[in-house]
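Student: Here's the letter readout for the chains.
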Amino acid sequence: MEKTKTFLKKSRLNQFLETLRIFGELHGPTVSESGVYCFSPLHEPAQLQLDYRRTQIPPKKYLLPFREEILHYASGTYREGHSGAGDLVLFGVHSCDLEGIAYLDRVFLADPADPGYSTRRSHLTLVGTSCEPDDFCFCPEGRESSSCDLFLAASQDGFHLSSHSARGAALLSGAAHLLTKGPPPPRRPSGTCLTPQDPQLRFSENPLWHKFASTCVSCGACSVCCPTCYCFDVREYASLSGGALRIREWDNCLFASHGEVAGANFRPDRLERLRYRFLHKYCGFTPLQGVNSCVGCGRCKEVCPVDIDLRELTAPEPEER
Amino acid sequence: MKQAQHTHVPIAARLIERTDLSEDTTLFRIAPEERALAELSSFVPGQFVQLSVPGAGEIPISPADLPAPDGTLELCVRRVGHVTELLHKQRPGAKLGIRGPFGSGFPLREMAGRPVLLLAGGLGIAPLRSLLMHLLRQRNRYGEITLMYGAKQPRLMLFREELTALAAEGGMRLYLTVDFAPETAEGNHSCAIGLLPDLLKGFRFDAATTYAAVCGPPPLYRCLVADLERAGVAAERILLSLERRMRCGVGRCCHCGLGQKLCCVDGPVFRAGELKGIPEAL
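From first to last, the protein sequence lines are chains A and B. Take the first sequence: its position 142, counted from the start at 1, is 142 in UniProt numbering, and no numbers get skipped. Take the second sequence: its position 213, counted from the start at 1, is 213 in UniProt numbering, and no numbers get skipped.
Possibly wrong hints are sitting among the right ones.
Stated by the list, open to error - A partial selection of chain A residues facing chain B, derived with a Cβ cut-off under 8 Å:
#, residue
1, Leu194
2, Gly220
3, Gly259
4, Asp269
5, Leu271
To be verified - Which bits of chain B does chain A cover? Going by a derived footprint, with three or more residues having C-beta under 8 Å, they are:
#, region
6, 61-69
7, 136-147
Unchecked claim - Which stretches of chain A does chain B cover? Using the computed rule of at least three CB atoms under 8 Å from a CB of chain B, they are:
#, region
8, 25-39
9, 69-79
10, 157-169
11, 231-238
Quick caveat, the hints were computed from the structure, so don't treat them as lab data. Every residue gets a Cβ at the ideal spot worked out from N, C-alpha and C, and that includes glycine.
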């Protein structure tokens, strides 16, 4: 698709946000009362925190709710239980999170598509924005993802807009009256941040594995806040009326229960669970074997209470003196 | 959308018959609704179905036989957890749900013309029974068929009379063993006493062509794979039916990961050769 590029002056951002509301409920980065950055509804433009570094919970929450009713049982029959989705515009998503959603798309839209995910995804409009990396980020500087409908690359007095889908083009034409001709945006690299790793690295004699395992507390925070972690558990609850409700909710491979079967646990130790997470994240699973799902957002490093940084394992050996 | 409906929403099934096999294990015969029959008729021994017990949840079960001509299915289930506990309370007529079949089955075409050695430990007899029944029904398509089955003690041995009768018909060789037998009338059964690998030790067979199908508790695999390889069975011809907590059955929930594979879509039947270097597999 031919990219349409045009310029939005900073002073017109609020008006632009208002036009986005035509396409759905507007959500974007805000800061909570306790000072935590999160994607939430933008009732007024002043709530928008465009200079945020990263939200605590990634936008996967819009596509894979933490807990979701997937089936209802009544009168002897199971029926789809996921609630319908309304149109939603998610504004101000960084490239790493856009790549995270692109990865989830590959998992949940593959045949047979997940009904809940695909419904919500089809109602979601993604507007990306450029960002300023901090010490926790590890993606190539200035990366611009095209896995969105519209991307806003910030410059001194405004934003260079580029559309990447038919919906993005519709957003542009809907806001045409606010846009002016501007200088062409600087070219930015696009792509994944870390190359896929060698699966055998998890068995390496690297003493870091033991150091990590000795400090890890299996809290699972790295997985909860990861934009591409999607493990889920399924539970069912009976109701007094004779019906039942089946839900799915986020699960975590750092938890000891993850590798359990009746009478055994295939990953009882922290070392094994850390290695398993590394293998999934950096080397991929069937059918995405060889695909690195780490998008470099830096959340795992920021939230880890014991400062584990799995990237140390993949860092090049320091040169011998 | 038909496909998505099938893979996510269980199709209603009715419990029509139950036969207690031991104090905690029962054979359930279920009749799925007509619209599930076409899918289930493609079942290959070794594949699994997701059985729903309304109000409790869903569990992966490998059927104990191919679907009967009337479309009913036999599921051998031990009472070990929340879902199976409620299933065991169900009486004929109860409503259940079913999805599937999922995963890979045994490579039947490849096994044709070759001797097959089935090694079952405990409840591992359930998935292997569907393979055995298939082999016996197509008896002239396969080489020598041998079943070695080990249980903890005589009263926990499943399908004992049935297996003995099948062996008496001459279609297969049957070796039974128990870990120990109490000195009571109940223990007075004609079978060996000892572990399953001990049975294999004295067994003479054509290791160069035999296919071995193994299913049992986790420690059994490690032991038997080593013994079979030592006897000369290539790792590619050692077929293992693994057990994991498969929640979705379609490769999404990631509960059944082993290395970079998923038990639900790459398995549950694996070749021992595929699992080399994956510590969490066996």
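Student: Which earlier hints can't be squared with this structure?
Tutor: Violated: hints 1, 2, 4, 5, 6, 7, 8, 10.
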